[in-house]
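Given next are the chains, with one letter for each unit.
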Amino acid sequence: MKEKNICFDLFKTFFKIGGFTIGGGYVMLPMIQREVVDVKKWATEEEIANYYALGQSIPGIIAINTATMIGYKKNKVKGAIFATAGMVTPSLIIIMIIAKFFAQFQEYALVQSGFKGIRAAVVATITMAVIRLGKKTIKGYFGIILAILAFVIVGILKISPIYVIAGAIILGLVKGGFTNAK
Amino acid sequence: MLSKLVLLFINFFYIGSFSFGGGYAMMPLIQDVVVKYGWMTNEGFADMIAISQMTPGPIAVNMATYVGFTTVGVLGSITATIAVCMPALIIISIVMRYIMKYKESNVLNHILQGLKPATIGLIAAAAYKVAIISIFDIEEFMVNYNITKLIDPISLFITIGIMICIYKYKIHPIIYILAAGVVGMILL
Chain Z
1 MKEKNICFDL
11 FKTFFKIGGF
21 TIGGGYVMLP
31 MIQREVVDVK
41 KWATEEEIAN
51 YYALGQSIPG
61 IIAINTATMI
71 GYKKNKVKGA
81 IFATAGMVTP
91 SLIIIMIIAK
101 FFAQFQEYAL
111 VQSGFKGIRA
121 AVVATITMAV
131 IRLGKKTIKG
141 YFGIILAILA
151 FVIVGILKIS
161 PIYVIAGAII
171 LGLVKGGFTN
181 AK
Chain D
183 MLSKLVLLFI
193 NFFYIGSFSF
203 GGGYAMMPLI
213 QDVVVKYGWM
223 TNEGFADMIA
233 ISQMTPGPIA
243 VNMATYVGFT
253 TVGVLGSITA
263 TIAVCMPALI
273 IISIVMRYIM
283 KYKESNVLNH
293 ILQGLKPATI
303 GLIAAAAYKV
313 AIISIFDIEE
323 FMVNYNITKL
333 IDPISLFITI
343 GIMICIYKYK
353 IHPIIYILAA
363 GVVGMILL
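Chains as they are written, first to last, in my numbering: chain Z, 1 to 182; chain D, 183 to 370.
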């Protein structure tokens, strides 16, 4: 009985998150901080940082990766499925309706300006979420330098994140090797 | 119809497996597929991109849903969506099983020591990319090199306003998204 409740709870929570993740998968981060860390307390900020870090490096859609990880932690495979299902259901419904009835949905001026506003909000919420996560995650010069490097390489130089991820893994192992050697 | 469903499944399963760098990286992959099977025109593809960005949900999933629906209808959208999510579900479930078993592993911790800060940088880069489009209207600027057109004041106002609110209040992010949408419709 309890298991059913957890699954339904996962579905409900990720339904909420998925319903308002507009403008890209990263918008999920502030939502997850709010729902998963603050409200439901299903994971700590530290764990979320781990999930995001791993979710980035493992092939697959990062938003789905993250939902799957949180769902799995709560209730193994079943939890993972319910969390993911919750996340994609709102968009499934909305897109089917739009595709069927509002063929020129994206052409409406009102929609476009509404979306512009949402994009501005996305910048704000993701930035604050990153700052919050960064405070918990980055300790010491190694972290600061890595974060800045990653930002510059992907954000400004526009190089594929794959290299940053591979480099980060290697550097992490190297640093770990040195620390152990001490 | 069954053959289309199978094609949808196979192709979106493949697309869902190779998603580095977010949904935008998948666009060329999806474009190849829809062109190859003649499922969409160029205009249709552009529409799909726009709608996938403007609707809730991860962009890649939205694209799968949309393509699936326009090709085969409800069954198509469900098939494509499930297909695009499956690789992540499978891989992550396997990975999680090992992580939860080897939580104290040194190797894993070392890897995370590198990955975590890098991830912060990557997410910041994602926010930066959106900021460039949203607040700094590069295209407008390019038209006349008119400095006053470089920054979109209303978007900037919304962004900074929300950042201040987040700092001061404990409001749910959903409220900000909705409010910004409404403000956008009125002011932009």
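A few of these clues could be false.
Unchecked claim - Here are some chain D residues the structure puts well away from chain Z; computed CB gaps all over 12 angstroms: (1) Phe191; (2) Val215; (3) Lys218; (4) Ile231; (5) Gln235; (6) Phe251; (7) Asn288; (8) Leu294; (9) Leu304; (10) Val325; (11) Asn328; (12) Lys331; (13) Leu332; (14) Asp334; (15) Ile359.
What the hints assert, rightly or not - Dumping the calculated DSSO-like pairs for lysine-lysine here, alpha-carbon to alpha-carbon at most 27 angstroms: (16) D:Lys218 to Z:Lys100; (17) Z:Lys40 to D:Lys285; (18) Z:Lys136 to D:Lys283; (19) Z:Lys73 to D:Lys285; (20) D:Lys186 to Z:Lys135; (21) D:Lys285 to Z:Lys2; (22) D:Lys283 to Z:Lys4; (23) Z:Lys135 to D:Lys352; (24) Z:Lys76 to D:Lys218; (25) D:Lys283 to Z:Lys2; (26) D:Lys350 to Z:Lys73; (27) D:Lys350 to Z:Lys139; (28) Z:Lys136 to Z:Lys100; (29) Z:Lys41 to D:Lys352; (30) Z:Lys175 to D:Lys283; (31) D:Lys283 to Z:Lys76.
Treat the hints as calculated values from the structure; they're not laboratory data.
The structure presented is a predicted model; accordingly, all values stated were derived computationally and were not measured.
For glycine and all other residues, C-beta sits at the position ideal for the given N, C-alpha and C.
Status of each hint after checking the structure:
Remark: the non-interface label on Phe191 (chain D) is consistent with the geometry, its nearest Cβ contact in chain Z lying 15 angstroms away (cut-off 12 angstroms). With a least CB separation of 16 angstroms from chain Z, Val215 (chain D) remains clear of the 12 angstroms interface cut-off, as annotated. The beta carbon of Lys218 (chain D) sits about 21 angstroms from the closest Cβ of chain Z, which is more than 12 angstroms, so the claim that it is off the interface holds. The claim that Ile231 (chain D) is not at the interface with chain Z is violated, since a C-beta of that chain comes within 12 angstroms of its own (minimum 9 angstroms).
For Gln235 (chain D), the requirement that its beta carbon stay farther than 12 angstroms from each beta carbon of chain Z is not met, with the minimum near 7 angstroms. The claim that Phe251 (chain D) is not at the interface with chain Z is violated, since a C-beta of that chain comes within 12 angstroms of its own (minimum 5 angstroms). The claim that Asn288 (chain D) is not at the interface with chain Z is violated, since a C-beta of that chain comes within 12 angstroms of its own (minimum 7 angstroms). Not every Cβ of chain Z is farther than 12 angstroms from the Cβ of Leu294 (chain D); the closest lies at roughly 6 angstroms, contradicting the non-interface assignment.
Non-interface call for Leu304 (chain D) relative to chain Z: violated, since the shortest CB-CB distance, roughly 5 angstroms, does not exceed 12 angstroms. With a closest Cβ-Cβ approach of about 18 angstroms to chain Z, Val325 (chain D) is found to remain outside the 12 angstroms limit, as its non-interface label requires. Here Asn328 (chain D) stays apart from chain Z, with its beta-carbon at least about 19 angstroms from theirs, past the 12 angstroms limit. Every C-beta of chain Z lies more than 12 angstroms from that of Lys331 (chain D), the closest at about 15 angstroms, which supports listing it as non-interface.
In this structure Leu332 (chain D) is separated from chain Z by more than 12 angstroms, as the shortest Cβ-Cβ distance comes to about 16 angstroms. Taking the minimum C-beta to C-beta distance to chain Z, about 8 angstroms, the non-interface status of Asp334 (chain D) is violated against the 12 angstroms cut. Its beta-carbon lying about 5 angstroms from the closest one in chain Z, Ile359 (chain D) breaks the requirement of being farther than 12 angstroms from that chain. Of the supplied pair hints, the one linking Lys218 (chain D) and Lys100 (chain Z) holds, its CA atoms being roughly 24 angstroms apart against a limit of 27 angstroms.
Of the pairs offered as hints, the one joining Lys40 (chain Z) and Lys285 (chain D) holds, with about 22 angstroms between alpha carbons and a cut-off of 27 angstroms not exceeded. A threshold of 27 angstroms between alpha carbons decides the hint, and for Lys136 (chain Z) with Lys283 (chain D) the separation of about 24 angstroms falls inside it, so the pair holds. A threshold of 27 angstroms between alpha carbons decides the hint, and for Lys73 (chain Z) with Lys285 (chain D) the separation of about 12 angstroms falls inside it, so the pair holds. Of the supplied pair hints, the one linking Lys186 (chain D) and Lys135 (chain Z) is violated, its CA atoms being roughly 48 angstroms apart against a limit of 27 angstroms.
Between Lys285 (chain D) and Lys2 (chain Z), the direct Cα distance comes to roughly 26 angstroms. Compliance with the 27 angstroms bound is thereby established for this hinted pair. As the CA atoms of Lys283 (chain D) and Lys4 (chain Z) are separated by approximately 25 angstroms, the hinted pair is consistent with the 27 angstroms bound. For the proposed pair Lys135 (chain Z) and Lys352 (chain D), the alpha carbon gap of about 18 angstroms is at most 27 angstroms, so the pair holds. The straight-line distance between the Cα atoms of Lys76 (chain Z) and Lys218 (chain D) is roughly 38 angstroms, outside the 27 angstroms bound, and the hint therefore fails.
Among the hinted pairs, Lys283 (chain D) with Lys2 (chain Z) is consistent with the structure: their alpha-carbon atoms are about 24 angstroms apart, no more than 27 angstroms. For the proposed pair Lys350 (chain D) and Lys73 (chain Z), the alpha carbon gap of about 32 angstroms is over 27 angstroms, so the pair is violated. Restraint check for Lys350 (chain D) and Lys139 (chain Z): the C-alpha separation of about 25 angstroms stays at or below 27 angstroms, so the hint holds. A threshold of 27 angstroms between alpha carbons decides the hint, and for Lys136 (chain Z) with Lys100 (chain Z) the separation of about 45 angstroms lies outside it, so the pair is violated.
A threshold of 27 angstroms between alpha carbons decides the hint, and for Lys41 (chain Z) with Lys352 (chain D) the separation of about 16 angstroms falls inside it, so the pair holds. For the proposed pair Lys175 (chain Z) and Lys283 (chain D), the alpha carbon gap of about 24 angstroms is at most 27 angstroms, so the pair holds. Using a Cα cut-off of 27 angstroms, the hinted pair Lys283 (chain D) and Lys76 (chain Z) holds, with the two alpha carbons roughly 13 angstroms apart.
The earlier numbered hints that this structure contradicts are 4, 5, 6, 7, 8, 9, 14, 15, 20, 24, 26 and 28.
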